[in-house]
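Asker: Now for the letters of each chain:
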Amino acid sequence: MNSSENILEIRELRTSFFTDEGEVKAVDGVSFELPRGKTIGIVGESGSGKSITALSILNLLAKPGEIKGGEIRFKGENILTYSEKQMREIRGNDISMIFQEPMTSLNPVYTVGQQIMESIRIHQGLNKREAKLKAIEMLKLVGIPSPEKRVDQYPFELSGGMRQRVMIAIALSCNPDMLIADEPTTALDVTIQAQILDLIRELQNKLNMSVMMITHDLGVVAETCDYVAVMYAGQVVEFSDVRTLFKNPRHPYTVGLLNSLPRHDIEQEKLKPINGTVPSPHNMPKGCRFAPRCPFATELCRESLPELVADENNNQIRCWIYSDEWDGDPEVNVHDSEERTAKG
Amino acid sequence: MSENTVNHPVTAKKVNPRIENYKMIWKRLKKNKAALVGGYLIVFFIVVAIFGPMFLSKSPNETDIANKLAGPSAEFWFGTDNFGRDIFVRIIHGMSITLYVGFTSVVIGLVVGVPLGIISGYYGGRIDNLIMRVMDVLLAFPGILLALAIVSVLGGSLQNVIIAVGIFSIPAFARIVRGSTLSVKKLEYIDAVRALGATDFRIIFRHILPNVMSPIIVQATLRIATAVLTAAGLSFLGLGAQPPMPEWGAMLSEGRAYIYDAWHVAFFPGMMIVFVVLAFNIFGDGIRDALDPKMKQ
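In order, the protein sequences belong to chains C and G. Per full-length UniProt numbering: the first sequence = residues 1 to 344. Per full-length UniProt numbering: the second sequence = residues 1 to 297.
Okay, chain C solo, but in the shape it has when bound:
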């Protein structure tokens, strides 16, 4: 794919935190691209580096975090070279972000209207009256009833779902080309989750926006995304379109994630968790980072880190099983993990 089709291309992004115990590589060589108008899901456990990737895109990392290398191309331009002032122009205007906690993402001392107007006034230079009209319009757009009244209310007067709608209104008020949604539904109850996801999708179509959806919920991915990047311990382990990923997951970690979900089509008494935990960033395994938890791991896996390899459909995988050098069972089927674990 060339860059004109992709709104965002991330190449070999490396972000580290410099702590007293040394460098922690939170994001370690992440690459993926997001075609214009599409949705990409970034999936992974806590600590896999998905939120840090998002914050790196907007260059919002707090100390001691630091982007160490790579490229983030937004509309073809490497925004990592931008100054803080240029980045401020991008934030909220070209790329917007919504956060996980609608309860704490709004400033308690201002009305929701004032908070929507803030971004409009930063970027569009409208006067107060115009900005307020625009704020009411935005509230209407995100499906808040009687927006003329709501606009003068304070965040504590709104429910969690309402607040997340307000967050979306704020994020979209300057018509961004791209929206980063960092676990937008995690803190909401299930019925509201579906509404918020529907809303994001609907507005995406209406405004022709690209969306980066960060989540640990594969259900959300299946419902909203076109592409998925599965992250593990700071790296992308599998990237493909959403159909392929669910139909034919290839990385043992992806398979494990899918197996750990409840299914209604087969009878099962217990869910199958992935045993073990994410390795400590201070002490990464030498080889494949998933090797200690992988039921198929061989000597090769434990010794050296596989590359992220793309096939002809640009489905990418970081696993030795799919390489010529694979030293394990050539007939291995990653979907058989159950018997494997039982045997091992």
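Hints may be right or wrong, so weigh each one.
Here are the computed distance ranges between Cβ atoms for each label pair [what the hints assert, rightly or not]:
#1 E269/C to N129/G: 56 to 64 angstroms
#2 N129/G to D329/C: 52 to 60 angstroms
#3 P53/G to L133/C: 52 to 60 angstroms
#4 S323/C to Y123/G: 45 to 53 angstroms
Result set (DSSO-like, lysine-lysine): computed pairs, CA atoms no more than 27 angstroms apart in a straight line [as the list claims (entries may be wrong)]:
#5 K149/C to K128/C
#6 K85/C to K186/G
#7 K63/C to K38/C
#8 K186/G to K68/C
#9 K186/G to K25/C
#10 K63/C to K85/C
#11 K149/C to K132/C
#12 K186/G to K149/C
#13 K33/G to K23/G
#14 K247/C to K272/C
#15 K38/C to K247/C
#16 K186/G to K63/C
#17 K128/C to K85/C
By construction, these hints were calculated from the structure, which means they are not laboratory data. For every residue, glycine included, the Cβ atom is placed at its ideal position computed from N, Cα and C.
Using the hints, position chain G against chain C.
Answerer: Same frame as chain C, now just chain G:
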């Protein structure tokens, strides 16, 4: 839809939540009788300071040698001093001096201390270290000693006392604001406005400052008491208000010489200092409880 059931009724528009919030604070304050008394006393002191002198026929420096060191009586409510000056009249005139010193020195502390505290807490790192170490140095001096040092450098006058007390209030504000800023800046709405492209200036003044107001208000109230006390102390030592200014600390100092013969000369200024300090202290404590009910266990 569960989302709509929590809708507030249409009446929500009519009440301004901010005013509602003030009402809540006032309600909690009213329950605290001691704080209320403190508050009324402060209002009373301010009224006396502004209008009191108008009702007095005598000037504070009018001497009456025939009646020097006279005890409290119907004519001289608080007695007279060694020049025969009416102590009651002097105290009423001194009220405005005391409050003026208290308020202005706290304003100096606020204006310098609050921005330093926010900058320190918001940026962290080296700036934080630099500012806070300077504050530590200021805090290392016992309050009165620091004020004393400053006054002795600047020279003794009421104005320099205000500057001195102001400077010595700075670290208290800077520290408390820094602490609150540290906790506020971690909240998600600060990340959210950064993600909207807000500048640091905007974040600090529009988003952090209003959210650290309550500790500032509490500290300012309590700090007035300290300022009054320190200013009186400096004047007592002869470094502040110079005679014949009816400043209470200076009056106390003058009365010290006659304490065995005419107790009232020192007693009444001392009593007034106690009342003013006490009023601000209990009112400040009351405000703290009212602004942050969680603090009260």
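Asker: Which numbered hints does this structure break?
Answerer: When the structure is compared with the hints, numbers 7, 12 turn out to be violated.
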